[in-house]
Amino acid sequence: DLLIHTGDFWHTETGLENILALLDAVPAPRLAGYGVLGNHDYVCYSHSDMLTRNWDRYLAYNGRRVGFSKHNMATVMGNAFEFYRFAQFVLNMPFELKRVHFNDVDTLTKEVANRGIEILQNRSLHLRQDLGRRGGLDLFLAGVDDVTEGTPDLVQAFGALPPNDPNILLSHNPDILEEADSRRANIILAGHTHGGQVVLPFIGAAHTHSEHLTRRQPAGYLLRDRTQVYISRGIGEGIPLRFRAHPQIALITIVPE
4 DLLIHTGDFW HTETGLENIL ALLDAVPAPR LAGYGVLGNH DYVCYSHSDM LTRNWDRYLA
64 YNGRRVGFSK HNMATVMGNA FEFYRFAQFV LNMPFELKRV HFNDVDTLTK EVANRGIEIL
124 QNRSLHLRQD LGRRGGLDLF LAGVDDVTEG TPDLVQAFGA LPPNDPNILL SHNPDILEEA
184 DSRRANIILA GHTHGGQVVL PFIGAAHTHS EHLTRRQPAG YLLRDRTQVY ISRGIGEGIP
244 LRFRAHPQIA LITIVPE
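Convert by adding 3 to the 1-based position in the sequence shown; the result is the number in the working numbering.
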């Protein structure tokens, strides 16, 4: 009935043709398509210096002189204890990626709208459809801007939404759960984490892309108070590597309580 996209349509503007080709290949939903913007929609990042940037952060965190060199990095790789400490630091801290340039979000929003995906940027709408014997649809759908690169505003997103009417909130980043107003949502659909992308035995996700999710459950179904949350693993990634976090397009059936 509905096609939902929770952001990160592209990594950079050169990916627009691939996005449009994918949307053209997806069967049109019976009712409509909606989405929100993710951090990559706003910004193109560079992964090329990710190791050196995090090495400098590690040194600064431990009160040591910042500066990458092949010599001191080789020392780390040859020192099991130092390597373990550096690995723990990287695993437990959000990645710091270099911003290369800002993407043309207006063009992206326009082009996906031409393919039937309406971007909900801090706003909501009422979905109402009579399906005859098959029942019907009567709920509110809200979308909030990206937590890290956008200007998220849950108060504006929910607007004048009736307090007791069923609703779904779309958010690219599941860290929106830390906002008190997110508890107004009956259901939250999110992405961003890639399911951890690399999920290690006994450890869990190598990195959750989140400041609040645990390694044991970087994707899938969560219950926070009375809010049901589903975090999709998605189908793309900046670094083309996945392990035990397969790409995913989720089919979700929503039924009345």
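Rather than coming from a laboratory, the hints here were simulated on the basis of the structure.
Worth double-checking, as some hints may not be accurate.
If you anchor each label on the Cβ, the simulated ranges turn out as follows [stated by the list, open to error]:
{"no.": "1", "residue 1": "Glu-214", "residue 2": "Gln-159", "range": "17 to 25 Å"}
{"no.": "2", "residue 1": "Ala-163", "residue 2": "Asn-65", "range": "21 to 29 Å"}
{"no.": "3", "residue 1": "Arg-118", "residue 2": "Gln-91", "range": "19 to 27 Å"}
{"no.": "4", "residue 1": "Ala-253", "residue 2": "Pro-169", "range": "13 to 21 Å"}
{"no.": "5", "residue 1": "Phe-84", "residue 2": "Arg-60", "range": "31 to 39 Å"}
{"no.": "6", "residue 1": "Ala-183", "residue 2": "Ile-257", "range": "20 to 28 Å"}
{"no.": "7", "residue 1": "Thr-151", "residue 2": "Arg-227", "range": "15 to 23 Å"}
{"no.": "8", "residue 1": "Ile-206", "residue 2": "Ala-253", "range": "22 to 30 Å"}
{"no.": "9", "residue 1": "Gln-159", "residue 2": "Thr-230", "range": "39 to 47 Å"}
{"no.": "10", "residue 1": "Glu-121", "residue 2": "Ser-49", "range": "29 to 37 Å"}
We treat Cβ as the ideally placed atom computed from N, Cα and C, and that holds for glycine.
Which hints from the list above does the structure break, by number from lowest to highest? Hint check: 2, 3, 5 and 9 fail, others pass.
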